[in-house]
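Student: Chain by chain, the residues run as shown.
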Amino acid sequence: MTTTESSTAPSTALAETKKSGGLTAAASNYIDERTSISAAVKGLGRKVFPDHWSFMLGEVALYSFVVILLSGSFLTFFFQASMSEVHYDGSFVPLKGIEMSAAMASTLDISFDVRGGLLMRQVHHWAALLFVAAIGLHMLRVYFTGAFRKPRELNWVIGFILFILAMAEGFTGYSLPDDLLSGNGLRIIDGMVKGIPLVGTWITFLLFGGEFPGTDIVGRLYSLHILLLPAIIVALIALHLVFVVVHKHTQYPGAGRTNQNVAGAPILPLFAAKGGGFFFLVFGVIMLMGTFFTINPIWNYGPYDPSPVSAGTQPDWYIGFADGALRLIPPGLEFVGLGGTWSFNILIPLVGLGLFILLVMIYPFIEAWITGDKREHHVLDRPRNAPTRTAIGAAGVTFYAALWAAAGSDIIATHFHVTMEGVIHTMQALTILGPFAAYFIAKRVCLALQKKDREIVLHGYESGRIVRLPGGEYIEVHQPVNEYERWKLVDYSEYKPLMIRPDARGRITTGQRMRAGLSRWFFEDRISPVSTTEIEQSHGDHH
Amino acid sequence: MPETKTSKPRPNRKAGRRHPMASVALIAIGLLFTGGAYAMFSTSTARAESDLSSQQTIDEGKKLFAANCATCHGLSAQGSGNGPSLIGVGAASVDFQVGTGRMPMQMNGPQAQKKPVQFTEEQTRALAAYVASLAPGPGLPDASLLDAQGDAAAGGELFRINCAMCHNVAGAGGALTEGKFAPALTGVTEAHIFEAMVTGPQNMPVFNDANITPEGKRDIITYLKYLENNPSPGGFALGSLGPVSEGLFLWIFGLGAVVAVTVWITAKSN
Amino acid sequence: MAKDDNGGKELAAADSSHGGPDVPIGTAVVTRDAIANPGFPPHDLRITDVDPKANRRAERTVYTLFYVSIVGSVFAIAAYMAFPINPEDPGSVRLNNLFIGLGLSLALLALGIGIVHWGKALMSNHEVIDERHPVRGSDETRARAVEIFEIANEESGFGRRTLIRNSLFGALIAFPLPAVVLFRGLGPDTDPVELLSHTLWKKGTRLAMDPSGTPIKAVDVTLGSAFHVIPEGLQDLEHGKLEEKAKAAVLLMRLKPEDLNELPERKDWSYDGIVAYSKICTHVGCPVALYEQQTHHLLCPCHQSQFDVANHCEVIFGPAKRPLPQLPIAVDSEGYLIAQSDFTEPVGPSFWERS
Chain P
4 MTTTESSTAP
14 STALAETKKS
24 GGLTAAASNY
34 IDERTSISAA
44 VKGLGRKVFP
54 DHWSFMLGEV
64 ALYSFVVILL
74 SGSFLTFFFQ
84 ASMSEVHYDG
94 SFVPLKGIEM
104 SAAMASTLDI
114 SFDVRGGLLM
124 RQVHHWAALL
134 FVAAIGLHML
144 RVYFTGAFRK
154 PRELNWVIGF
164 ILFILAMAEG
174 FTGYSLPDDL
184 LSGNGLRIID
194 GMVKGIPLVG
204 TWITFLLFGG
214 EFPGTDIVGR
224 LYSLHILLLP
234 AIIVALIALH
244 LVFVVVHKHT
254 QYPGAGRTNQ
264 NVAGAPILPL
274 FAAKGGGFFF
284 LVFGVIMLMG
294 TFFTINPIWN
304 YGPYDPSPVS
314 AGTQPDWYIG
324 FADGALRLIP
334 PGLEFVGLGG
344 TWSFNILIPL
354 VGLGLFILLV
364 MIYPFIEAWI
374 TGDKREHHVL
384 DRPRNAPTRT
394 AIGAAGVTFY
404 AALWAAAGSD
414 IIATHFHVTM
424 EGVIHTMQAL
434 TILGPFAAYF
444 IAKRVCLALQ
454 KKDREIVLHG
464 YESGRIVRLP
474 GGEYIEVHQP
484 VNEYERWKLV
494 DYSEYKPLMI
504 RPDARGRITT
514 GQRMRAGLSR
524 WFFEDRISPV
534 STTEIEQSHG
544 DHH
Chain L
5 MPETKTSKPR
15 PNRKAGRRHP
25 MASVALIAIG
35 LLFTGGAYAM
45 FSTSTARAES
55 DLSSQQTIDE
65 GKKLFAANCA
75 TCHGLSAQGS
85 GNGPSLIGVG
95 AASVDFQVGT
105 GRMPMQMNGP
115 QAQKKPVQFT
125 EEQTRALAAY
135 VASLAPGPGL
145 PDASLLDAQG
155 DAAAGGELFR
165 INCAMCHNVA
175 GAGGALTEGK
185 FAPALTGVTE
195 AHIFEAMVTG
205 PQNMPVFNDA
215 NITPEGKRDI
225 ITYLKYLENN
235 PSPGGFALGS
245 LGPVSEGLFL
255 WIFGLGAVVA
265 VTVWITAKSN
Chain X
1184 MAKDDNGGKE
1194 LAAADSSHGG
1204 PDVPIGTAVV
1214 TRDAIANPGF
1224 PPHDLRITDV
1234 DPKANRRAER
1244 TVYTLFYVSI
1254 VGSVFAIAAY
1264 MAFPINPEDP
1274 GSVRLNNLFI
1284 GLGLSLALLA
1294 LGIGIVHWGK
1304 ALMSNHEVID
1314 ERHPVRGSDE
1324 TRARAVEIFE
1334 IANEESGFGR
1344 RTLIRNSLFG
1354 ALIAFPLPAV
1364 VLFRGLGPDT
1374 DPVELLSHTL
1384 WKKGTRLAMD
1394 PSGTPIKAVD
1404 VTLGSAFHVI
1414 PEGLQDLEHG
1424 KLEEKAKAAV
1434 LLMRLKPEDL
1444 NELPERKDWS
1454 YDGIVAYSKI
1464 CTHVGCPVAL
1474 YEQQTHHLLC
1484 PCHQSQFDVA
1494 NHCEVIFGPA
1504 KRPLPQLPIA
1514 VDSEGYLIAQ
1524 SDFTEPVGPS
1534 FWERS
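Residue numbers (the working numbering), protein chains in the order written: chain P, 4 to 546; chain L, 5 to 274; chain X, 1184 to 1538.
Since the hints were made in silico from the structure, they are not lab data. Careful: at least some of the hints might be erroneous.
[Unchecked claim] Think about it this way: if two alpha-carbon atoms lie no more than 30 Å apart in a straight line, the pair counts; the simulated BS3-like pairs of lysine-lysine are:
#: 1; chain 1: X; residue 1: K1386; chain 2: X; residue 2: K1424
#: 2; chain 1: X; residue 1: K1236; chain 2: L; residue 2: K272
#: 3; chain 1: P; residue 1: K50; chain 2: L; residue 2: K272
#: 4; chain 1: P; residue 1: K99; chain 2: X; residue 2: K1424
#: 5; chain 1: P; residue 1: K455; chain 2: L; residue 2: K119
#: 6; chain 1: X; residue 1: K1424; chain 2: X; residue 2: K1439
#: 7; chain 1: L; residue 1: K272; chain 2: P; residue 2: K45
#: 8; chain 1: P; residue 1: K153; chain 2: P; residue 2: K446
#: 9; chain 1: P; residue 1: K491; chain 2: P; residue 2: K50
#: 10; chain 1: P; residue 1: K491; chain 2: L; residue 2: K272
#: 11; chain 1: L; residue 1: K118; chain 2: X; residue 2: K1439
All chains should be modelled from the sequences, with the hints used to inform the complete structure.
Tutor: Quick look at the structure:
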């Protein structure tokens, strides 16, 4: 974007459009004379976005958020965030006359007495699930392609905070109807917070306005859900997108693509068409789900009551990993001492997951420190070309997935006809051992793929055609790879392990040692991109 | 009621609903379609109760018992190492266990499972008559309690407090310890639901008439039949399993569809 | 396999990265004989670029889709009117949801597909190349920024007048503190520990059924029964019904007396095999109500903690540590079950001040 030149440019261009006349020109002139919008059009209108399906995942998150805002605004017109007791008197027969909170009753009214209300509820909830899932998938894409490297580290952190906020939005929204399922969810939150040493009891007391469940929590969560959290999310999304504009989009390695350019479709018109059309497609898919598939049938759950509970009480998927962690803790981890009760059965998941989240958030800085590479990276890594990073990612995904699956342990048990205890023990093992296995396998697979790439660059593709040579020898004819394809296979940077060298004062610091150790771990096993010398040699080998 | 080979009262009621194998396959892909064709009216099973006390029926039941049940339960139903005593369990218990195919047990497992029924309705009644003749116990429920015309709201409240923790709020079933499970309640006849509450089969607690009145039991049946006969207003219920099936569905089909769209959008047009 | 061992800065300029020649490249390996970027491949034409018929067909498809979208929107409006919700008919909600949703889905999907197809088939698909510049400002800009800060510092005396500056920092830190205090008002002025330690149960309170509130006679609790219990009078409370229920909910079960393995000090807490335990899980507070009458196990459906009723509800599986608190019970003169006292320990999840 060339903002420096923009101030002088519009005058002549606009003078011309004015001459050509017409309503559009007049309107454009009117607006530009009051907003200088032509500068924005000039700067952004032909900005380039590379074309790749994985670059649209962030858009999915953005668009589902828009759908959430639209459907959510509709719901606020009917929802009452109050826990005052009422007797339900709506259309749903099996709850008629039952005592419940106004929040629950108004949610039932939205579902059963407002035309299209149930559709909007379901659209809102499906969009929320999709929002968090799309953020997750987008983050995986960014991680595995190394798109978080300089200059995008801060944007990774912003995106990560958005992920956390999205989960918070989801959880606060899930709790609003005050139904049996979400009430038990809040009960679990209450129990978890009580497990925090020293301050836990008081935090729940303040959160719930007294004892659980109290009559305040729905109203408080509502303020967070529709006011505070969305405001922060909107601000951070804006910032996130500003950075996308400032940095310009990354691109996959490909012929002609370098760190100094970006190739793709201009915003106007092609990218706007694809992106704009995509908004309606995402909205349409969400609408289809809301049309055909029930989500959160609160009429089955009934109003919250501390005594009943349903089999299969689970949070929405994005909180599942935390619920799973609570389930997997082995028995007996609660002790009394040092002036209080230490609930390690709660603290270990809390602190463990907190550390996991923190590590993911600061990963870009860790990797930058290890490589010491201060250059900007706009060409992405293919996951195989960063084997250790990919392997760490695979380990993290496995860890998360095991915890996630554990949150459905009872459903797994009933549907696969296995014992629940067996499922829990398997998941416990998987949570600990799975990441190591995933790390090892992913790394080996990456290295093997890199070797295959080298083979292809040096000897071409296996064509499957077997030829018998005059001497009687059989060989398979190899199809050479063209230079454009070849470039995709060799365009990556390679790092070597760091040598420990004394610093200016002749000492070797602990930090230096650590960095060297990590660097060795990262780059000990590596495969270099093919060089021209090697290609010439291989041609020499062949006849 | 005419005698048929299968003594299942309404064999076609389950059409369009999941059966065990399908649910295994379907949960794996995160999708469980329920709904479909639901019968509009629940025809309550009218039972001929008159002949339970006739000596002829009892004798017939005794023969059947000796041939099919005595191996585990003992020749005079006094119980053995392989099966509990049946003295005092009543006709309701026999009708439930045999009428749902749980008895005779095929093999020892965590719990006796529902399977194709082994005896005709008449034979089941004969067995029930025999066991009922040994000692007083819960009898077959009165047809007036099985009409599913009670108070669904009261039944729903009772169901949530007494039953939902094992059977799930929508009656979709749930896990118990060591491989046991509380079965799904869709497609279970009114009489069998009633008998299960009265007799507490296997690990299910007993809900005697002081705990849940016969009227309350009728309300619970009314509620369950309401759920069964009125498909979810929101569309397919995904097995009514709650957030787990919703999450799986979203990841596989929702996100899957969206990713397919992204691939289409960015694919080269030709 | 790494051939070069320079890793030094002197070769960095040869690399395709940028950000100035003096940007450290860390341990990146730079090779002199790297394969060169071949430049952009030639542009492929689409069928709509070469075949006017295909072009017209694509155009037709696009506007047809837009018309379909309009039909969808109109259909949704029509469905809104044609499928009202009839309180007497539960199926009407389903139809309302289904048909409005169908119309809207059609409108959105047709619109989206139309726009994207327009872009893909008819708009120019020539790749546009944009130059990148380092994200950092140019040296000139940065110098000017520094200069501005220096001027500002000079004009304000921010760096020089340290007393002003430091007291400003102090004031800025101090002013949000009152807000923290304000949040104390979120909870009432009572001691949470006191509240958590007591329930509605006291000596002589009858055990009543949830939700009816009918008192329970001991003779009614037959073998294998499980009663969901609240203290009598709970349903008549004006305030705090749910809060009290959240602590006082109890599960009442009858086992064969010989199956019960009671602690010596609790020998008289049960009545003829009837025992009452708190229903609130000692892990994080879900109702533990899945009672298996043959194994005497209680299961929590939230996190799968298991308690053995036969052995004073000790934990046999899962994350919970403490047994469920037992409510001492007895029978009054009329045969009703009553509590001997409140629970002797706080019920529900652990908290710091509990011990």
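Student: Each hint needs a verdict: does it hold in this structure or not?
Tutor: Structure-based check of all given hints:
1. The hinted pair formed by K1386(X) and K1424(X) meets the criterion: a straight-line CA distance of about 20 Å does not exceed 30 Å.
2. About 19 Å separates the Cα atoms of K1236(X) and K272(L), which keeps this hinted pair within 30 Å; it holds.
3. Pair hint K50(P) plus K272(L) holds up; C-alpha atoms about 20 Å apart against a cutoff of 30 Å.
4. Under the criterion of a C-alpha separation no larger than 30 Å, the hint pairing K99(P) with K1424(X) is consistent with the structure, at around 20 Å.
5. The hinted pair formed by K455(P) and K119(L) fails the criterion: a straight-line CA distance of about 54 Å is larger than 30 Å.
6. For the proposed pair K1424(X) and K1439(X), the alpha carbon gap of about 34 Å is over 30 Å, so the pair is violated.
7. For the suggested pair K272(L) and K45(P), the alpha carbons sit about 28 Å apart, so the restraint of at most 30 Å is met.
8. Simply put, K153(P) and K446(P) have alpha-carbon atoms about 24 Å apart, close enough for the 30 Å limit, and the pair holds.
9. Between K491(P) and K50(P) the alpha-carbon distance is near 24 Å, which keeps this suggested pair within the 30 Å criterion.
10. About 18 Å separates the Cα atoms of K491(P) and K272(L), which keeps this hinted pair within 30 Å; it holds.
11. As the CA atoms of K118(L) and K1439(X) are separated by approximately 28 Å, the hinted pair is consistent with the 30 Å bound.
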